[in-house]
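**Student:** Below are the chains, spelled out letter by letter.
There are 2 protein chains.
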Amino acid sequence: MTKARAYTNIALIKYWGKRSITEMIPYNNSISLTLDQFYTETSVTFTEATTQQKPDQFYFQGQWQAPTNKMTRVLTRIRQMAGLNRQAIIKSENFVPTSAGLASSASAFAALATAGSRAAGLNLSSRELSILARHGSGSASRSVLGGFVEWQAGTDDQSSYAQSLLDPVPFPIVVIALVVNTAPKKILSTAGMQHSVEHSPFYPAWVKTATAALAPMRAAIAQGDIEQIGKLGETNAMQMHATTLSANPPFTYFAPETLQIWQLVQEIRTKGLSCYLTLDAGPNPKLICAKQDVASITTQLHQALPKLAWTVCQPGPAVQIID
Amino acid sequence: MTKARAYTNIALIKYWGKRSITEMIPYNNSISLTLDQFYTETSVTFTEATTQQKPDQFYFQGQWQAPTNKMTRVLTRIRQMAGLNRQAIIKSENFVPTSAGLASSASAFAALATAGSRAAGLNLSSRELSILARHGSGSASRSVLGGFVEWQAGTDDQSSYAQSLLDPVPFPIVVIALVVNTAPKKILSTAGMQHSVEHSPFYPAWVKTATAALAPMRAAIAQGDIEQIGKLGETNAMQMHATTLSANPPFTYFAPETLQIWQLVQEIRTKGLSCYLTLDAGPNPKLICAKQDVASITTQLHQALPKLAWTVCQPGPAVQIID
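Chains as they are written, first to last, in my numbering: chain F, 1 to 323; chain R, 324 to 646.
Heads up, a few of these hints could be off.
Which chain F residues stay away from chain R? Per the calculated CB distances, all over 12 angstroms, these [to be verified]:
id, residue
1, Ile25
2, Phe60
3, Gly62
4, Thr72
5, Arg77
6, Pro204
7, Gly224
8, Gln263
9, Leu273
10, Asp293
11, Leu301
12, Pro317
Result set (BS3-like, lysine-lysine): computed pairs, CA atoms no more than 27 angstroms apart in a straight line [to be verified]:
id, chain 1, residue 1, chain 2, residue 2
13, R, Lys594, R, Lys554
14, F, Lys291, F, Lys208
15, R, Lys326, R, Lys393
16, R, Lys531, F, Lys208
17, R, Lys509, R, Lys341
18, R, Lys341, R, Lys531
19, F, Lys186, R, Lys326
20, F, Lys186, F, Lys70
21, F, Lys231, F, Lys271
22, F, Lys70, F, Lys3
23, R, Lys630, R, Lys614
24, R, Lys594, F, Lys307
25, F, Lys231, R, Lys509
26, F, Lys91, F, Lys70
27, R, Lys341, F, Lys208
28, F, Lys186, R, Lys554
29, R, Lys594, R, Lys509
30, F, Lys18, R, Lys531
31, R, Lys393, R, Lys509
32, F, Lys291, F, Lys231
33, R, Lys326, R, Lys341
34, R, Lys414, R, Lys326
35, F, Lys186, F, Lys307
36, R, Lys414, F, Lys271
It is worth saying that the hints were derived from the structure and are not from the lab. The beta-carbon is built from N, C-alpha and C at its ideal position, and this holds for glycine as well.
Chain F on its own, in the form it takes in the complex (with noise of 0.2 angstroms):
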């Protein structure tokens, strides 16, 4: 039995559709900060008996169930690597609010890949842990690393992986993840992509300048400007949102509470304090913030909506392998 915990991430410059969804390979490189709080763990243990004789086994929220397609998809790919033709029993907790857009697929096959990888006698790099968590899903290739990470979109399987930008994190940077809404998502975020991909008119323009945005966003990260990091990371979060916004038939991940928490960030910037949003395919935003200021603007999000939930999240480390 081979234990692993990898953290969430929440990406600045977001992944949003993929070139080809077989190999999992996205148009454009993102580029997320790992967040300390939310986190997967996850066991493996490849047991004495055939896949031929035993089907996988997989415990999840207190019960035995079938593992998915895309567990399937990482654990034969081990399997494959490690020369391997044992039933494997996956044992997961998450401890992130499942499908509410704080990405635990991210978390959860970083997990999976590093703990199932080693259970089968693997000893992979980031690298190959990246490439093969990014099978299970997408964002989860930036779970693999800590602090701010690229995930280098690539053009097939072997060269689309995640790279370390910075770790530790030497500056201030905090992450206040609010939660509006813990429903799982209506639209999975790998339906909604492909549907921006396929049907907004405005997709091509999204690759562009998300891609454009790259650069601007490494050099705000090399200087520690927390202030540029939010406002740069605001502007292409809103930007993937225009793109499910723009598709034929339109949708969006935002909840009335998300254009609320919206026009109280716009609010307290004009009160002098640097403050941004982000979010991924659900409703919850992420406020990036300086640690510095997390009390005046939790206390300013309490007064205006006093049922409001976060929690504070500083970056977090690599995925790690636990007793």
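Since the structure of chain F is provided, determine the placement of chain R on it from the hints.
**Tutor:** This is chain R only, laid out in the frame that chain F set:
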């Protein structure tokens, strides 16, 4: 003294951004429906005094004020066309919530162009009135006509004007105008559209897409296909709003309630009713549906949002001189 009444219109394929700001030439044609419930009544009198002797005077919302720059632009054109150098006294009353995305400027400038030109002794064609009204507000070029109207973008002053597509309208289309917010807009449409033109990387794709949607919209109108009019209108509206969301910096005219209502409209559709949403540069949605569905739709709106106010509009007439 000559008085005119002009009705607002709702764009089904939106006007969003000017190719020439000085000449008020849009990037793309737009298609609208004139509405019978919101209108402006404006009277114009040219006095014996010259413009050198006395400035124009404007009585609006119960008080005298200086005419706006846009009004002066229209009045100057009228005086040039009529070879007249007299002071104008304008009295105007809006039967539209001002600046709440209900396009009061459309009815206001169609009424001003019509009353002003007639008061100056001119007898303009609807094409000439449309050109004149356009110099006050782009969408006013369409409010000169009734029913379904298309504004030909054109390439210069004389080629940019609205034409009738269908008037009277022989099928039972209805627009339910919802009021979620009567506060004046924070970002006026003139500023918002030019921000999209200059700062949204998606803007060129918007122009192409809106232009490509004209022929299907004309066909749906010709066929009296209310569902298709609604569907095309909703998609086009969201694409327009995606240009503001994708601008740098991003912004939106949506209020939290706008999204709440869009969600509700989507639920109403799953119950088999045909109902689509459009909105201009403001938070107040308009629903496109058939007359026979108004009762079911408004019942569901009222159940979900007991405080919501609405007005049921039918196709409205062209601008008219009233006594």
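**Student:** Now, for every hint given, state plainly whether the structure supports it.
**Tutor:** How the hints compare with the structure:
1. At roughly 23 angstroms, the least C-beta separation between Ile25 of chain F and chain R is larger than 12 angstroms, which holds for a residue marked as non-interface.
2. Interface exclusion of Phe60 of chain F from chain R stands, the closest Cβ pair being 30 angstroms apart, more than 12 angstroms.
3. No beta-carbon of chain R is positioned within 12 angstroms of the beta-carbon of Gly62 of chain F; the least distance is around 32 angstroms.
4. With 12 angstroms as the threshold on Cβ separation, the claim that Thr72 of chain F sits away from chain R holds: the shortest Cβ distance comes to roughly 33 angstroms.
5. Residue placement check: Arg77 of chain F keeps its beta carbon more than 12 angstroms from all beta carbons of chain R (closest about 37 angstroms).
6. Listed as a non-interface residue, Pro204 of chain F fails to keep its Cβ farther than 12 angstroms from every Cβ of chain R; the least gap is roughly 7 angstroms.
7. The claim that Gly224 of chain F lies off the interface holds: its Cβ sits roughly 22 angstroms from the closest Cβ of chain R, which is beyond the 12 angstroms cut-off.
8. Consistency note on Gln263 of chain F: stated as away from chain R, yet its beta-carbon is not over 12 angstroms from all of that chain's, at 8 angstroms minimum.
9. Taking the minimum C-beta to C-beta distance to chain R, about 16 angstroms, the non-interface status of Leu273 of chain F holds against the 12 angstroms cut.
10. With a least beta-carbon separation of about 19 angstroms from chain R, Asp293 of chain F lies farther than 12 angstroms from that chain, consistent with its non-interface assignment.
11. Here Leu301 of chain F stays apart from chain R, with its beta-carbon at least about 15 angstroms from theirs, past the 12 angstroms limit.
12. Distance check for Pro317 of chain F against chain R: the nearest CB is about 32 angstroms away, which clears 12 angstroms, and the non-interface claim stands.
13. Proximity of Lys594 of chain R to Lys554 of chain R is assessed by CA-CA distance (about 16 angstroms); at most 27 angstroms being required, the pair is judged to hold.
14. Taking the CA atoms of Lys291 of chain F and Lys208 of chain F, the gap is near 32 angstroms; set against the 27 angstroms cutoff, the hint is violated.
15. A distance of roughly 19 angstroms separates the Cα atoms of Lys326 of chain R and Lys393 of chain R; the hinted pair therefore holds under the 27 angstroms criterion.
16. This hinted pair checks out: Lys531 of chain R and Lys208 of chain F have alpha carbons roughly 17 angstroms apart, not beyond 27 angstroms.
17. Between Lys509 of chain R and Lys341 of chain R the CA atoms are separated by roughly 20 angstroms; this keeps the pair inside 27 angstroms, and the hint holds.
18. This hinted pair checks out: Lys341 of chain R and Lys531 of chain R have alpha carbons roughly 14 angstroms apart, not beyond 27 angstroms.
19. The straight-line distance between the Cα atoms of Lys186 of chain F and Lys326 of chain R is roughly 53 angstroms, outside the 27 angstroms bound, and the hint therefore fails.
20. With a CA separation close to 19 angstroms, the supplied pair Lys186 of chain F and Lys70 of chain F stays within the 27 angstroms bound.
21. A hinted pair counts as satisfied when its Cα atoms are at most 27 angstroms apart, and Lys231 of chain F with Lys271 of chain F qualifies at roughly 16 angstroms.
22. With a C-alpha separation of about 19 angstroms, the suggested pair Lys70 of chain F and Lys3 of chain F falls inside the 27 angstroms cut-off, and the hint holds.
23. For the given pair, Lys630 of chain R sits about 22 angstroms from Lys614 of chain R by alpha-carbon distance, which is consistent with the 27 angstroms threshold.
24. Taking the CA atoms of Lys594 of chain R and Lys307 of chain F, the gap is near 32 angstroms; set against the 27 angstroms cutoff, the hint is violated.
25. Proposed proximity of Lys231 of chain F and Lys509 of chain R is supported: the alpha carbons are some 21 angstroms apart, at most 27 angstroms.
26. For the suggested pair Lys91 of chain F and Lys70 of chain F, the alpha carbons sit about 15 angstroms apart, so the restraint of at most 27 angstroms is met.
27. Restraint check: the Cα-Cα separation between Lys341 of chain R and Lys208 of chain F comes to about 24 angstroms, which is no more than 27 angstroms; the hinted pair holds.
28. Taking the CA atoms of Lys186 of chain F and Lys554 of chain R, the gap is about 21 angstroms. The hint holds against a cut of 27 angstroms.
29. Only pairs whose Cα atoms come within 27 angstroms are accepted, and Lys594 of chain R paired with Lys509 of chain R is rejected, the gap being roughly 36 angstroms.
30. Proposed proximity of Lys18 of chain F and Lys531 of chain R is supported: the alpha carbons are some 24 angstroms apart, at most 27 angstroms.
31. Distance check on the hinted pair: Lys393 of chain R and Lys509 of chain R sit about 19 angstroms apart at the alpha-carbon level, within 27 angstroms; holds.
32. For the proposed pair Lys291 of chain F and Lys231 of chain F, the alpha carbon gap of about 16 angstroms is at most 27 angstroms, so the pair holds.
33. With a C-alpha separation of about 30 angstroms, the suggested pair Lys326 of chain R and Lys341 of chain R falls outside the 27 angstroms cut-off, and the hint is violated.
34. For the proposed pair Lys414 of chain R and Lys326 of chain R, the alpha carbon gap of about 9 angstroms is at most 27 angstroms, so the pair holds.
35. A C-alpha spacing of about 23 angstroms is found between Lys186 of chain F and Lys307 of chain F, which places the hinted pair at or below 27 angstroms, so the restraint holds.
36. About 41 angstroms separates the Cα atoms of Lys414 of chain R and Lys271 of chain F, which puts this hinted pair outside 27 angstroms; it is violated.
In summary, the structure is inconsistent with hints 6, 8, 14, 19, 24, 29, 33, 36 from the numbered list given earlier, while agreeing with the others.
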